[in-house]
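Trainee: As they're listed, the protein sequences go chains V, X, B and U. Number 217 in UniProt numbering belongs to position 217 of the first sequence; there are no gaps in the numbering. Number 88 in UniProt numbering belongs to position 88 of the second sequence; there are no gaps in the numbering. Number 3 in UniProt numbering belongs to position 3 of the third sequence; there are no gaps in the numbering. Number 65 in UniProt numbering belongs to position 65 of the fourth sequence; there are no gaps in the numbering.
Because the hints were derived from the structure by calculation, they are not lab data. There could be a bad hint or two in this list.
As the list claims (entries may be wrong) - Each pair of labels, with its calculated beta carbon distance range:
(1) U:Asp241 x V:Lys48: 49 to 57 Å
(2) X:Phe116 x V:Ile249: 54 to 62 Å
(3) X:Tyr8 x B:Arg10: 25 to 33 Å
(4) U:His89 x B:Ala242: 36 to 44 Å
(5) B:Arg10 x U:Leu165: 27 to 35 Å
Stated by the list, open to error - Looking from chain X toward chain U, a few residues come up when the C-beta cut is under 8 Å (computed):
(6) Asn11
(7) Phe115
(8) Asp117
(9) Ile118
Idealized CB from N, CA, C, for every residue including glycine.
There are 4 protein chains.
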Amino acid sequence: MANSKFEYVRNFETDDRCLPNTWIVVRVDGRGFHKFSEKHEFAKPNDKRSLDLMGKAAGRVMTEFKEICLAYGQSDEFSFVFKRDMDLHKRRASKLMTSVASIFTSAFVFHWPQFFDIPLKYPPSFDGRVVLYPSTQNLRDYLSWRQADCHINNLYNTAFWTLVLKGNLTNAEAEKRLCGTFANDKNEILFSEFGINYNNEPQLFRKGTVLVRDKKKKSEEELEGRLTKDILALNEDIIGDAFWNNHKILD
Amino acid sequence: MANSKFEYVRNFETDDRCLPNTWIVVRVDGRGFHKFSEKHEFAKPNDKRSLDLMGKAAGRVMTEFKEICLAYGQSDEFSFVFKRDMDLHKRRASKLMTSVASIFTSAFVFHWPQFFDIPLKYPPSFDGRVVLYPSTQNLRDYLSWRQADCHINNLYNTAFWTLVLKGNLTNAEAEKRLCGTFANDKNEILFSEFGINYNNEPQLFRKGTVLVRDKKKKSEEELEGRLTKDILALNEDIIGDAFWNNHKILD
Amino acid sequence: MANSKFEYVRNFETDDRCLPNTWIVVRVDGRGFHKFSEKHEFAKPNDKRSLDLMGKAAGRVMTEFKEICLAYGQSDEFSFVFKRDMDLHKRRASKLMTSVASIFTSAFVFHWPQFFDIPLKYPPSFDGRVVLYPSTQNLRDYLSWRQADCHINNLYNTAFWTLVLKGNLTNAEAEKRLCGTFANDKNEILFSEFGINYNNEPQLFRKGTVLVRDKKKKSEEELEGRLTKDILALNEDIIGDAFWNNHKILD
Amino acid sequence: MANSKFEYVRNFETDDRCLPNTWIVVRVDGRGFHKFSEKHEFAKPNDKRSLDLMGKAAGRVMTEFKEICLAYGQSDEFSFVFKRDMDLHKRRASKLMTSVASIFTSAFVFHWPQFFDIPLKYPPSFDGRVVLYPSTQNLRDYLSWRQADCHINNLYNTAFWTLVLKGNLTNAEAEKRLCGTFANDKNEILFSEFGINYNNEPQLFRKGTVLVRDKKKKSEEELEGRLTKDILALNEDIIGDAFWNNHKILD
Numbered sequence: 001m002a003n004s005k006f007e008y009v010r011n012f013e014t015d016d017r018c019l020p021n022t023w024i025v026v027r028v029d030g031r032g033f034h035k036f037s038e039k040h041e042f043a044k045p046n047d048k049r050s051l052d053l054m055g056k057a058a059g060r061v062m063t064e065f066k067e068i069c070l071a072y073g074q075s076d077e078f079s080f081v082f083k084r085d086m087d088l089h090k091r092r093a094s095k096l097m098t099s100v101a102s103i104f105t106s107a108f109v110f111h112w113p114q115f116f117d118i119p120l121k122y123p124p125s126f127d128g129r130v131v132l133y134p135s136t137q138n139l140r141d142y143l144s145w146r147q148a149d150c151h152i153n154n155l156y157n158t159a160f161w162t163l164v165l166k167g168n169l170t171n172a173e174a175e176k177r178l179c180g181t182f183a184n185d186k187n188e189i190l191f192s193e194f195g196i197n198y199n200n201e202p203q204l205f206r207k208g209t210v211l212v213r214d215k216k217k218k219s220e221e222e223l224e225g226r227l228t229k230d231i232l233a234l235n236e237d238i239i240g241d242a243f244w245n246n247h248k249i250l251d
Numbered sequence: 001m002a003n004s005k006f007e008y009v010r011n012f013e014t015d016d017r018c019l020p021n022t023w024i025v026v027r028v029d030g031r032g033f034h035k036f037s038e039k040h041e042f043a044k045p046n047d048k049r050s051l052d053l054m055g056k057a058a059g060r061v062m063t064e065f066k067e068i069c070l071a072y073g074q075s076d077e078f079s080f081v082f083k084r085d086m087d088l089h090k091r092r093a094s095k096l097m098t099s100v101a102s103i104f105t106s107a108f109v110f111h112w113p114q115f116f117d118i119p120l121k122y123p124p125s126f127d128g129r130v131v132l133y134p135s136t137q138n139l140r141d142y143l144s145w146r147q148a149d150c151h152i153n154n155l156y157n158t159a160f161w162t163l164v165l166k167g168n169l170t171n172a173e174a175e176k177r178l179c180g181t182f183a184n185d186k187n188e189i190l191f192s193e194f195g196i197n198y199n200n201e202p203q204l205f206r207k208g209t210v211l212v213r214d215k216k217k218k219s220e221e222e223l224e225g226r227l228t229k230d231i232l233a234l235n236e237d238i239i240g241d242a243f244w245n246n247h248k249i250l251d
Numbered sequence: 001m002a003n004s005k006f007e008y009v010r011n012f013e014t015d016d017r018c019l020p021n022t023w024i025v026v027r028v029d030g031r032g033f034h035k036f037s038e039k040h041e042f043a044k045p046n047d048k049r050s051l052d053l054m055g056k057a058a059g060r061v062m063t064e065f066k067e068i069c070l071a072y073g074q075s076d077e078f079s080f081v082f083k084r085d086m087d088l089h090k091r092r093a094s095k096l097m098t099s100v101a102s103i104f105t106s107a108f109v110f111h112w113p114q115f116f117d118i119p120l121k122y123p124p125s126f127d128g129r130v131v132l133y134p135s136t137q138n139l140r141d142y143l144s145w146r147q148a149d150c151h152i153n154n155l156y157n158t159a160f161w162t163l164v165l166k167g168n169l170t171n172a173e174a175e176k177r178l179c180g181t182f183a184n185d186k187n188e189i190l191f192s193e194f195g196i197n198y199n200n201e202p203q204l205f206r207k208g209t210v211l212v213r214d215k216k217k218k219s220e221e222e223l224e225g226r227l228t229k230d231i232l233a234l235n236e237d238i239i240g241d242a243f244w245n246n247h248k249i250l251d
Numbered sequence: 001m002a003n004s005k006f007e008y009v010r011n012f013e014t015d016d017r018c019l020p021n022t023w024i025v026v027r028v029d030g031r032g033f034h035k036f037s038e039k040h041e042f043a044k045p046n047d048k049r050s051l052d053l054m055g056k057a058a059g060r061v062m063t064e065f066k067e068i069c070l071a072y073g074q075s076d077e078f079s080f081v082f083k084r085d086m087d088l089h090k091r092r093a094s095k096l097m098t099s100v101a102s103i104f105t106s107a108f109v110f111h112w113p114q115f116f117d118i119p120l121k122y123p124p125s126f127d128g129r130v131v132l133y134p135s136t137q138n139l140r141d142y143l144s145w146r147q148a149d150c151h152i153n154n155l156y157n158t159a160f161w162t163l164v165l166k167g168n169l170t171n172a173e174a175e176k177r178l179c180g181t182f183a184n185d186k187n188e189i190l191f192s193e194f195g196i197n198y199n200n201e202p203q204l205f206r207k208g209t210v211l212v213r214d215k216k217k218k219s220e221e222e223l224e225g226r227l228t229k230d231i232l233a234l235n236e237d238i239i240g241d242a243f244w245n246n247h248k249i250l251d
């Protein structure tokens with residue numbers, strides 16, 4: 001039963017190395033998370049447990065892949081940025097995106113009991129993709145796109161669920177009420193009708209989570225609440241320049 | 001904070017649809033499973049619990065993706081065959097391979113306690129890849145390649161661990177003893193020195209596991225030991241024609 | 001001035017080998033041939049000189065690439081079919097399509113004076129592409145698609161230019177007259193108004209040109225009118241089975 | 001003969017758009033030019049007529065594609081640099097490389113009689129490829145690589161053919177003489193044995209040809225010797241910064 005006569009099938013595999021000197025972004029997205037969040041009774045509009053678990057899983061990915069310099073997540077998605085000069089797995093796209101998706105999923109299931117009291121009803125999953133960005137500006141615009149998306153969705157969801165949960169509207173009524181409204185309309189509804197200042201909502205919900213490495217020695221106190229000894233989770237604006245000036249990550 | 005000025009970054013995503021009318025194979029492989037199997041004290045040369053858990057996880061993938069007509073696994077790998085005319089996710093390679101790798105991993109972690117008494121020490125992971133086969137013969141040769149690989153490795157491992165565990169050789173001595181030997185030499189060592197007839201070893205170890213769909217109604221008794229109501233796990237030869245004549249899977 | 005410090009740029013080249021065991025089709029298309037045909041006063045609706053020159057250029061491509069088993073052309077396009085098991089240039093798509101486009105173009109310009117009395121006014125060009133077909137049926141359907149396209153366009157053009165040249169309609173009037181008509185309407189216009197039986201039009205115009213290899217020894221007489229000693233130009237139906245039964249090209 | 005039942009074959013075409021915001025380089029290379037140059041009795045080690053014809057053909061490519069900002073050629077190759085933000089043909093690699101290869105070839109054959117007294121014996125051809133460079137430094141290194149290659153080959157060829165043509169060595173003897181020599185050895189052979197100062201050889205041979213656009217108005221006199229009114233052919237060093245400081249091409 002020699003293997004050699006079958007081995008020609010290896011030639012059907014393709015070489016999918018990412019173009020050198022580009023930023024490699026792997027983004028994972030929850031598959032069927034609308035249903036998953038309902039089955040597991042996620043709080044609306046945001047479930048802090050889930051967001052923290054997402055951050056925990058992302059931290060695990062960064063621990064396994066030192067070549068990742070930053071990760072950004074919101075809702076049921078997380079993006080991982082590989083340094084542009086890295087050569088892990090010869091930059092093969094398949095290897096990178098499947099490994100990231102698998103590690104992320106594994107850690108999500110593994111750490112579930114630390115964040116949720118109810119047990120998992122079935123195994124959740126995440127798909128993944130690779131996107132290349134040639135310039136640092138392109139990469140920053142990508143991250144800005146995801147954070148702006150977080151803002152837009154969260155403002156909508158906050159208004160929607162406030163109308164439903166506090167305003168006693170049906171889902172259909174709330175949807176209709178918000179149809180065609182702009183950001184300031186939604187802010188106004190929240191403030192004038194429910195006394196909610198959207199800008200005081202938790203940064204975690206409004207900004208998402210950015211993970212960075214920080215190898216400076218820290219006191220026990222400072223380490224409190226960190227993902228790992230070396231990885232810091234922040235809920236800051238990453239669209240403006242301030243964050244990037246503080247953290248020389250992409251230089 | 002309009003999103004529109006950043007949205008151009010979506011144009012950097014590439015279209016990676018698989019060529020139509022080809023068999024799409026997604027194979028997942030354990031990442032760092034040598035270390036993982038040691039940390040979790042897998043039996044040598046084969047750990048039935050692990051192989052059964054792999055089969056369970058593969059069954060979950062087939063349950064989520066009806067477009068998969070067959071799966072074959074051995075050791076820490078599993079291959080999934082999508083029907084050549086399927087159009088799931090527009091046949092996008094990224095989506096298919098990351099989803100399969102993620103579902104497989106998720107189910108592996110989720111079902112771990114059903115198969116192992118000791119808890120998982122850390123989250124395991126699997127990478128994945130897509131390979132296309134234009135003809136049914138190419139696909140059969142691919143599956144033959146994997147099963148021949150199973151046979152070759154298992155014969156070696158069985159001889160190696162018998163020499164170590166029953167023959168009291170060190171790992172290095174066993175390796176030296178087997179260096180340069182052919183299949184019949186290994187069979188002979190097992191038989192004459194340890195009274196082991198390799199052909200009587202469990203089919204699970206020698207042939208791996210092939211999962212097929214079987215929608216015929218079954219009695220309670222027949223359903224016993226099945227992965228799911230509709231998925232059957234077999235440990236048969238898939239290199240010869242007999243299996244394919246019985247199961248009209250690729251026609 | 002050592003070259004070594006710059007040589008890293010070679011790593012930016014990608015491997016674009018075509019999937020093994022698939023039919024590789026390279027199609028070349030005239031660039032800006034509407035204008036080109038006007039500037040060089042092509043006869044309407046078909047210019048036999050141009051079609052013959054296209055065939056001549058295609059023959060040159062087949063002479064250089066023995067791995068091409070068949071070529072089919074019509075209007076300003078030509079498709080070349082590489083045998084599915086061939087390994088020329090490691091099946092690299094870039095190499096194959098640029099070489100075919102270049103040889104075709106070169107021969108078109110080189111042989112121009114044999115077919116046209118007026119000199120070329122400027123250098124014409126052709127773009128190219130590669131398409132893979134996994135099954136022989138897919139390939140036959142591709143070739144049928146191109147020949148059906150030839151028929152549809154030629155029937156339209158024959159009707160259009162007959163209305164203009166013999167019916168004294170303006171281009172706009174002819175276009176309007178044909179708008180929304182079916183094949184049988186166009187046949188009827190040609191027959192009842194101009195006494196033209198479309199089916200008696202030259203096969204070259206209605207069927208296009210298929211080039212095949214024929215290595216049987218031929219008498220001087222039989223060789224007459226051949227493209228080369230070994231390549232035969234035919235104007236036959238390639239949609240039905242008869243052609244393929246006669247020429248065992250794809251078996 | 002409806003076309004619709006065959007049209008599904010279009011789905012087998014792939015989308016091969018180049019990553020946005022990268023420099024697109026198309027390089028064409030002579031196919032079988034060793035034999036071609038012998039058959040057409042090219043002067044050794046350099047044939048000025050051939051190099052000028054190459055430049056002429058490259059100028060034609062730049063005239064058709066305004067999106068090309070620079071071209072560099074030497075020996076039987078020419079590289080074309082498309083501006084990084086251009087969107088011609090949706091940046092489809094196939095379209096770009098086949099068009100460039102075809103136009104170049106067409107112009108080479110078309111203009112041959114302007115440069116050579118002897119007629120073309122058969123149609124020459126060029127293959128092509130696309131390479132992407134994410135940063136301007138990568139692109140400059142690519143161009144430096146090609147010019148350094150020009151230098152290395154030309155110094156070797158100059159020494160080789162001087163030994164053969166003036167030193168009366170056989171080809172084999174000349175090859176042996178140069179085997180293992182460094183640049184300064186070759187310079188020394190040329191100078192001490194033949195009185196040739198390599199640095200006084202024509203820049204065309206030592207540096208190759210770079211084509212740039214220059215839209216400044218010129219006097220009749222200044223236009224003399226230009227490729228076209230707007231395209232300038234230079235034989236300058238493009239490895240150092242001086243050229244790039246003079247011509248703000250990549251900014």
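Trainee: Would you mind marking each hint as holding or not holding in the structure?
Mentor: Now the hints, each set against the structure:
| no. | hint | verdict |
| --- | --- | --- |
| 1 | U:Asp241 x V:Lys48: 49 to 57 Å | holds (55 Å) |
| 2 | X:Phe116 x V:Ile249: 54 to 62 Å | violated (40 Å) |
| 3 | X:Tyr8 x B:Arg10: 25 to 33 Å | holds (30 Å) |
| 4 | U:His89 x B:Ala242: 36 to 44 Å | holds (39 Å) |
| 5 | B:Arg10 x U:Leu165: 27 to 35 Å | holds (33 Å) |
| 6 | Asn11 | holds (6 Å) |
| 7 | Phe115 | violated (42 Å) |
| 8 | Asp117 | violated (50 Å) |
| 9 | Ile118 | violated (47 Å) |
Comparing the model with each numbered hint stated earlier shows that hints 2, 7, 8, 9 do not hold.
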